[in-house]
Each structure stands twice: as C-alpha cells, then as structure tokens.
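Chains B and C: place on chain A using the hints.
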Amino acid sequence: MTQVASFTIEHTQFLDPQGRRTQTPPAFAQDPQALIGLYKAMVLTRTFDAKAVALQRTGRLGTYASSLGQEAVPVGAAAAMRAEDVFLPSFREQGAQILRGVQMVEILLYWGGDERGSDFAGPREDFPICVPVGTHAPHAVGVARAFQLRGEARVAVCIFGDGATSRGDVYEAMNFAGVHRLPVVFVVNNNQWAISVPRTRQTAAETLAQKAVAAGIPGVQVDGNDVIAVRHVVAAAIERARADKGPTLVEALTYRLSDHTTADDAGRYRDDAEVSAHWKEEPIARLRQHLSDTGHWTKAEEEALITDCAARIEAAASEYLATPPLPPTAMFDHLYAVLPAALAEQRAELEEATEP
Amino acid sequence: MSTFKLPDLGEGLQDAEIVTWHVGAGDHVVADQPLVSVETDKAVVEIPSPQSGRIARLLGEPGDIVKIGSPLVEFETAAQPDTGTVVGVIATEAEPKPAAAKPAAAVPTGKARAKATPAVRALAKRLGVDLSHVAASGPDGAIVATDVERAAAAIAAAGPLEPLRGVRRAMAINMERAHAEVVPATVTEEADIHDWPAGSDVTLRLIRAIAAGCKAEPALNAWYLGRDRGRRLHAKIDLGIAMDTEDGLFVPVLRDVGGRDAKDLRHGLERMKTDVRARSIPVEELRGQTLTLSNFGMFAGRHAALVVLPPQVAILGAGRIAERAVAYEGQAAVRRVLPLSLTFDHRAVMGGEAARFLAAVVADLEQSK
Amino acid sequence: MSETTLVEAVRLALARAMAEDETVLILGEDVGIDGGVFRATDGLMSRFGADRVMDTPLSESLFAGLAVGLGAQGFRPVVEYQFMGFIYPAVDQIVNHAGRLRNRTRGRLSCPMVIRAPYGGGIHAPEHHSESMEALFAHIPGIRVVIPSSPARAYGLLLAAIRDPDPVVFLEPKRIYRAPKEEVADDGVAAPLDLCFVVREGRDVTLVTWGAMIVETLAAADTLAAEGVEAEVIDVAALKPLDMATILSSVERTGRCVIVHEAPLSGGVGAEIAAGLADRGLVNLLAPVQRVAGYDTVMPLPRLETYYMPTEERILRTVRRVLAYA
Chain A
75 MTQVASFTIE HTQFLDPQGR RTQTPPAFAQ DPQALIGLYK AMVLTRTFDA KAVALQRTGR
135 LGTYASSLGQ EAVPVGAAAA MRAEDVFLPS FREQGAQILR GVQMVEILLY WGGDERGSDF
195 AGPREDFPIC VPVGTHAPHA VGVARAFQLR GEARVAVCIF GDGATSRGDV YEAMNFAGVH
255 RLPVVFVVNN NQWAISVPRT RQTAAETLAQ KAVAAGIPGV QVDGNDVIAV RHVVAAAIER
315 ARADKGPTLV EALTYRLSDH TTADDAGRYR DDAEVSAHWK EEPIARLRQH LSDTGHWTKA
375 EEEALITDCA ARIEAAASEY LATPPLPPTA MFDHLYAVLP AALAEQRAEL EEATEP
Chain B
14 MSTFKLPDLG EGLQDAEIVT WHVGAGDHVV ADQPLVSVET DKAVVEIPSP QSGRIARLLG
74 EPGDIVKIGS PLVEFETAAQ PDTGTVVGVI ATEAEPKPAA AKPAAAVPTG KARAKATPAV
134 RALAKRLGVD LSHVAASGPD GAIVATDVER AAAAIAAAGP LEPLRGVRRA MAINMERAHA
194 EVVPATVTEE ADIHDWPAGS DVTLRLIRAI AAGCKAEPAL NAWYLGRDRG RRLHAKIDLG
254 IAMDTEDGLF VPVLRDVGGR DAKDLRHGLE RMKTDVRARS IPVEELRGQT LTLSNFGMFA
314 GRHAALVVLP PQVAILGAGR IAERAVAYEG QAAVRRVLPL SLTFDHRAVM GGEAARFLAA
374 VVADLEQSK
Chain C
66 MSETTLVEAV RLALARAMAE DETVLILGED VGIDGGVFRA TDGLMSRFGA DRVMDTPLSE
126 SLFAGLAVGL GAQGFRPVVE YQFMGFIYPA VDQIVNHAGR LRNRTRGRLS CPMVIRAPYG
186 GGIHAPEHHS ESMEALFAHI PGIRVVIPSS PARAYGLLLA AIRDPDPVVF LEPKRIYRAP
246 KEEVADDGVA APLDLCFVVR EGRDVTLVTW GAMIVETLAA ADTLAAEGVE AEVIDVAALK
306 PLDMATILSS VERTGRCVIV HEAPLSGGVG AEIAAGLADR GLVNLLAPVQ RVAGYDTVMP
366 LPRLETYYMP TEERILRTVR RVLAYA
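Taken in order, these protein sequences are the chains called A, B and C.
Those letters in the first sequence? Residues 75 to 430, per my numbering, in order.
Those letters in the second sequence? Residues 14 to 382, per my numbering, in order.
Those letters in the third sequence? Residues 66 to 391, per my numbering, in order.
For the record, the hints were derived by calculation from the structure and aren't laboratory data.
Among the hints, a few may not be true.
Listed next, with one range per pair, are the computed distances between beta-carbon atoms [to be verified]:
id, chain 1, residue 1, chain 2, residue 2, range
1, A, 175, B, 78, 31 to 41 Å
2, A, 290, C, 191, 28 to 38 Å
3, A, 429, C, 347, 22 to 32 Å
4, C, 151, A, 158, 30 to 40 Å
5, B, 18, A, 158, 47 to 57 Å
6, B, 25, A, 382, 22 to 32 Å
7, A, 110, B, 100, 29 to 39 Å
8, A, 412, B, 166, 51 to 61 Å
9, C, 139, A, 403, 20 to 30 Å
10, B, 166, C, 248, 51 to 61 Å
11, A, 412, B, 105, 41 to 51 Å
12, C, 252, A, 412, 18 to 28 Å
13, A, 318, C, 87, 18 to 28 Å
14, C, 151, B, 163, 57 to 67 Å
None of the values given here were measured: they were computed from a predicted structure.
Where is the CB? At the ideal position from N, CA and C, for every residue including glycine.
Chain A extracted, bound-state conformation:
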C-alpha cells in the first residue's frame, strides 16, 4: 500500500485569550491605529447587538440573531476586503456589514421586517442576509465567476456557520470554485453551535477546514476570537484569489455567547458553566487588554468610544423607529421588473382594501 494523499490543517493565532502575543504579529498589526480600528468596529458591533436585543425585548424589533462573542470573525474578514469586493453574509455577520458601509438603520429595518433594509445605500453589490443556511455559497461562486469572466481583480467573500458545512450546497460551491479556480473565499464562522446541535455532532470531521480537502482547495484554521489572526488569514486568502490562484476555506473558531436568536433559550440545551468558561476567551476583552498593555488605549479613549457608539446607535434606532412601514401595495413593487397585468388587479384590490 502506498499513500497517495494526505492533508495538514494549520491553525493561526497571534494573541492568546489574555491578549498576549503568541508570535510576531503580521505587518498591518504593527500599526496601533489599525488595531484600534478593529477594536472600535468590534465594540460598535457588540453595542449595536445589545441595542437590537433590547428593542426586540420591548417589542420594537422582530426576532434577532446576536453575534455576541463572535465579533472578530466578520470584522476581521471585512477589514481584509476592498470596497470593490463583494460580501455574502449568512445572518450573523452584522459586524462585517456595518464595516463595509451598510447603515445600522438598514440592519434594524431588515430585522424589523422591512424589505428596505436590504436595499443597501452603501455597498450596492453586497448580498443581503441569507436565511436558508448555506444557499448563498453557490451565489458567491456565481459572483466570483462573473469577476473571472470580466477579468476583474475582485473577490467574493462568503461567510457561513458550522451548521452550513453539512449542506450539500456548500460542498458543491467549494467543489465548483476549485475546478474553475474562482476568486472566492469561504469563511466558516464556527461558533460551535447550530441552534442546539453542538459542533461535535455536526460532522465526524475533526476540523471544518478539512472539508476543503475533498474539494481540492486549501483549508486553514484560525483562532476566530483573535481579530488580528482573522484579518491576516482572510487577507492572505483574498490575495490568493485576487492573484488568480483560486479559492480558500478559512475556518474561524469562536463561540456563540448568545442564544441562537432572541426567541431561543440556549439554557435548554447547553450548560451555563460552559458558556461562562468561554467568556474568558472573548475577542473584545482580549484586544482591549492587548492595546491597554501596550499603552495604546486609555480610559478616556474607552469612555469616548462608548459614548460615541451609544450616540450613533441611538441615532440609528431613532431613525428606524421613526420610519413608517411601506404601504401594503409595496409587496407588489419589485416583484417583477414590470408588474404583469395579471397581478395589477390583485394590487388594485389590495390598494382599495387598505385605503386610509
């Protein structure tokens, strides 16, 4: 018997949970301002999440999926992208969306149940939130193929969760991207839980990164709570793609410190003690500790950041709450490019029935 193939999965980390360097940081991280930018983005994300949850609890927002504890993955990934790249989120990457220019009010409108929330004013080609798990991986491949056909140096970045890696669509997408060497990066936001199904019961594979091996593309793992590592590894994958070297699968290990959604009660299926233990590894405290230890972050700056985030989020929440719903006939708008005659009557009937 001869060995015809084997694989290795490498894991990258720069900061341990206490914020101490475990190896020389990458070039970009030598600049404290870059790190502070990442820190501020993560804090804004967490504060926004808290506000969204509070709005849901007071009946002013629908079901919401918080990214508590997972902020480093989307923030790090989005920070590695260029404006002209295209981002395809699942439903827990608001940190990336905000960093790429999606307005907070748009995110609130979406979860508040208004289609206008997906009509991004900022990143016009980014995809909206994807609810059917993993079904956006094929979209990312389509977008990447479009870049390839047009010869553009642009990359599609697609983030999905650990549960999604069990989906056929995700494998089909990686497989196709591999065959055609498409400029796409797949990031697994592995928070260890698919609602109540723990990662160990999601697949027998030891890592999710190794699912890339079957598709013939590189698969790497990164400490998803170390935003420096995430930014670095995703940037490397993006550059590979941009240089026409093909796709990469990046597995970012993190932990879902919140319930699956505001309607879920994780206490039903997981142990609070386990969650407590993971609070010790969370990404924001880690980076703050590091910045503070290296003399690059002060109390005044912390207060200023908190105040600034609160103000921006309050403004977004106020704008959201002050936005009246679309008229009922809006459900017929943008159904087709031009509404077919057969539907014009239905629209007219609704209009008449709901005339103020």
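Chains B and C in isolation, oriented as in the chain A frame:
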C-alpha cells in the same frame, strides 16, 4: 429575586460611575459575562455577572454614581416561560377552546332546483321562461338551451300570460285551499231513470234525491272544521248548485231544500239562474252551502272525482244521462241511466255513510215519480 | 428559411441571444463539448468559447445558485437541466432566491436568468425522465413559467425569456423536439411572454392546452371539424403569469372549455384556468369546464405510458360530453 451589589473594585474606591450596560432586563446571562462597564479613576472596568440567571431589573442608568455595595442588578428567580419557537412569536390560547363543532348533518333540502348552467339560466331569464316548468334533455338532468328555447316558443304560441281575476281567481284560491285541506274519496253509482215521465226536471229530481240521501245519512250534510277537528251536522240542507258561466264558476245556494215543495224549489231555482246570469246574485246567496250538487253531465262526462269545498264534506256529481246496455230483470236491455259520483271528505265521512247516502239518492231517483 | 425542429429552434434562439448580447451564458451538464444530450447547445461552445458555454459538474443545486450570483452581477445565465426529473434541487434556489431577490432588495439586485429543461413523456424513457411538474413552478411568486409548443414559438419565447429581466423557467416538451417541423425565421424577434396563442379559431368549444399535447388537441379539432364542430385551440405558452383574458374572451364566444394537459390532474395549471373561468366567465358557460389530464399517479414506466398520457380519443369523448349540454 436576588440582588447583585457593586463589588469592591479595590484601590480604596468608594463608588463608581455607570458608563454603559451590556445587558438588559429579560436577558439570560451566565457567570463571568460582563454586565456593566463602570468608570473608576484609572480605568473603565467591566463588572462580570456573579451567577447565571435572568436579569429582572437594572438598578441604575449610565451616568449614575453607585456606591460600592449598593444594589446594581436584580436577578429573576422564576423560570422563564418557554417561547416554544426559534423565530417569531407564536400566540398561545388563554382559555381552553370550546368543543370542536360537530360536522354538519345532511340538511334535507326542499324541492330541488332546476339544473342549468349559468348561460342557460341567463337565457331563460331573458326569454321569460320559468325553469321549473321546463323539461330537461341534457346530460345529468340538465336543462339545455334548446329546452329553454322550446319552452319559450310554446309560451309565445300560447299567448300572453293572463292573470286571473275575479271569479276565476276566487276559484283558483278556493280550489288550492280545498286541495290543501280535504282528504277526498269518491264512490260512484248509476240510477236507472228509464221510467221517468217525459219532461221530468232532472235538477229538481236530483234535489229531492239529495234530500232523501241526507235523511238516510245526515253525516253528509255537515261541516268539518279541520283546525278544531270538529263536525257540525246541519238540520237544514242548504244546497250549493254549481253553475258554470262565461264569467266563471258560481255556486249559489238553494236554502232548505228538504223543507220546500217542488213548485217552490222550481221557482227558487229559476230565479237563481237568472240572477247568476245577470250577475246580480247577492253575495249572501253564495255562502253557507252545507252540501253541493254539480250537474256537470249536462255537457259531457259520466263519473268524476269532484272537489269538496270545505267546510262541506260532500259534493254530488251528476253525469250525462245516456242509454246504456244493462242487465234489467235478468235480461240484457237498453235503459236510460243517470251516472252519479259522490266525493266526500274522508276526514269526516266514513265510506259506509257515503255509500248509504248514495244508495238513498239512487233509490229516490229510480222512483218513476 | 427551412423546416426546423423545436430543439433546433431552441439552439437558434440560444445562438442568436449569445451573439447579440455578450452577457448571455450557457451552463449545464454536457452542454459544451457534447452539445447537450438533446443537442440543444450543439456547436455553441466552439462558436462562443468555453467561458460562455460551460460544462458544469453534477451539482444541480449549485448551478441554480451560480445563476443567481451571475445574474446579480449583470450576466444573463441560461442554465440547462438535463431532464425535469433532475430539476428539483434547483427549487430551493428558485423559491428562496431567484424569485425573491429583486423584491427583497427593493430592486437593488435581480436575477435575469433562464432555467431550461426538457420535460414530459412519450419517448419511452426510463423512470424520472418523463414527468410534467410545471405546476410546482407555476406556484412560485416572482418568476415566469413558459412552455413552447412549436418550433417557431420555441424560438420566439426563448429569446423573450433570455431578454426578460426576471427569472424564467422554460420547459421544452421533448416528445415534439424533433417533429413536427416548421419554418422558423431566425430574425431575432421575440414572442410576447404574457399572451396565449390562438392556434386555431372556432366557435363551438375552446380547447386550452400547452406543450406536446397540442398535437393531440389539434388532431381532435380536425376530427371534430369533420363532424361539423369547430373547436378553438389555445396554446397557453406562458403558464405564469397567466393570460386569462384570451381564454375568457374565447369562452365568452364558445361557452364551452376543455383543458388538456399531460401533467397530473389535481393541482395542475388546468385547475387554475378552471378557477379563472369560474371567477370571470361563469355566466357564459353552457357546460361545465372539463380537464383531460394525466392521472394522479406516479408517471408509469414505458409499458403503461400510453395509457397515462391523454389521447385524442379521451379529448374527443370529453368534448362530446360537453357538447351534449347543447
């Protein structure tokens, strides 16, 4: 409810200012999860939760100064109700539902509607055809367009619908009422009148015979009131005599036929006929019959089941006098015969009573004078 | 112009669309080198290159999502599914994304894609290769469903579908892929996507159909004509959105309607048409609306296939029953 107090932050600090909360009321938190950031002289410090639990209340706002040891957060001790979903909100019942409605039993319908498609119905309406009178020739008993057109043609050929008025209308109404109430039965006979002298007045002979019948069987000279299920036997015979005229059916009353002689009766009869023809008969003389005679045989017809007009219980019909081949004294012979039909209301009159009445009528008629 | 088959007309339309618009792409299994298992894309790869005519791996779910991504980026992908029996993994992408993307982004992103598949029975194919499930797609909001019934209409409708800014499911009745033939002008003229076609005029009964059933329906119309009954035959073509106006105006004149479809009876698009007639045309009906359709069974294997498919005889029997309502 358990309360978490601001712990000692060290460095001799007495209090701290709340900068921002990280959790809200209703949140489920775990031990070590940051609850709030507070400001001390040196730093902004995150205060972790001491326990797992659900936040009931936050006891302070950003900007508040909280003393060390003061209550900061209240935890719920009651268990959270299960939402039973992972998205949205599913309403729950406050009270138990009422028992499920039973499936509807088959409701007996009235008279079945005519089967016709909408286009055929529209056609019928346009042509003024009542579908309930149209014979259906289509599949499944459906009336088709040609059926409607045929009916319309028939109606057109028949002339316009003439609404009934006056006496005809009254007859229609009275007959409908009679049909609705009376339970008719008919018994027939033939009287051999071959030996009547020439010039006999048939009507007068019939009147006399009826008087004889009532004498033999008074039950036929009565009124039956169905609503009360009561019967009133009359002593006098006020005989209604049916008369067809151009204007309609009249039944004027000859009073007390049992108590008057033939001449008086003849006179009364003549006067009645004149008045009816002249339409000058007073209305009282059209009421109060206790029994009725219909001499329909003046025109044609042998036996008939006539209509008993309530509250009367009987009507005697006299058919056309004709020669008949009969058995007479054991031999075949040709005799003149007067057919008789007695229709009675079987609610009030028994078959035997009717038969005896009729027998007495026949017996009287068969007397030569 | 020469006599062209339906599948050749499809190829002509694809070639024309690709020639006039460089954003048009073809994707699917065996569409490139092999030219498609029915030769619908024969020669297109050598003409337009492997970038634009792409052989995909065996990933039915993937290529529908691929089309969504390409469409959102401004391409016009035309995806071939080898048989309708294999199209079902695409339903996820069609329902959850293609039909929805424009609406949920308020028009910011959209999906000008076409999904083509041969469908229907009558070629004695093995299992799963003969079904008609167009009703599944006709129920999905935000898309179009188109079924041509002749070479000329296949050409015009496919061009229209490719040019349309919204997703179109284009089902090709493979029983009539190669016969009958007719002249097709390769003139780049698209057919309307929201109208029925009246292929035969008549005053006594309206026969409504689509796809390969046009053959049996027209044959029945000829037989009826010999008996003095003039049938009007309507090819629906655009099953969604449905042009009820044409059907209603025909039934207003004839008063009778028989709908013929190969797909199973219950929940078929015939039911939608019957409901439309009941809604707006009831007062004109001289007889009940009838459907001649496949049975509500799994499509049988070839030995029993002919008993499943509606025949001219079944159509005639139904029409005669309807005419008895005079």
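Now for the hints, and whether the structure bears them out:
{"no.": "1", "hint": "A:175 to B:78: 31 to 41 Å", "in the structure": "39 Å, holds"}
{"no.": "2", "hint": "A:290 to C:191: 28 to 38 Å", "in the structure": "32 Å, holds"}
{"no.": "3", "hint": "A:429 to C:347: 22 to 32 Å", "in the structure": "28 Å, holds"}
{"no.": "4", "hint": "C:151 to A:158: 30 to 40 Å", "in the structure": "36 Å, holds"}
{"no.": "5", "hint": "B:18 to A:158: 47 to 57 Å", "in the structure": "53 Å, holds"}
{"no.": "6", "hint": "B:25 to A:382: 22 to 32 Å", "in the structure": "31 Å, holds"}
{"no.": "7", "hint": "A:110 to B:100: 29 to 39 Å", "in the structure": "37 Å, holds"}
{"no.": "8", "hint": "A:412 to B:166: 51 to 61 Å", "in the structure": "53 Å, holds"}
{"no.": "9", "hint": "C:139 to A:403: 20 to 30 Å", "in the structure": "28 Å, holds"}
{"no.": "10", "hint": "B:166 to C:248: 51 to 61 Å", "in the structure": "52 Å, holds"}
{"no.": "11", "hint": "A:412 to B:105: 41 to 51 Å", "in the structure": "44 Å, holds"}
{"no.": "12", "hint": "C:252 to A:412: 18 to 28 Å", "in the structure": "24 Å, holds"}
{"no.": "13", "hint": "A:318 to C:87: 18 to 28 Å", "in the structure": "21 Å, holds"}
{"no.": "14", "hint": "C:151 to B:163: 57 to 67 Å", "in the structure": "59 Å, holds"}
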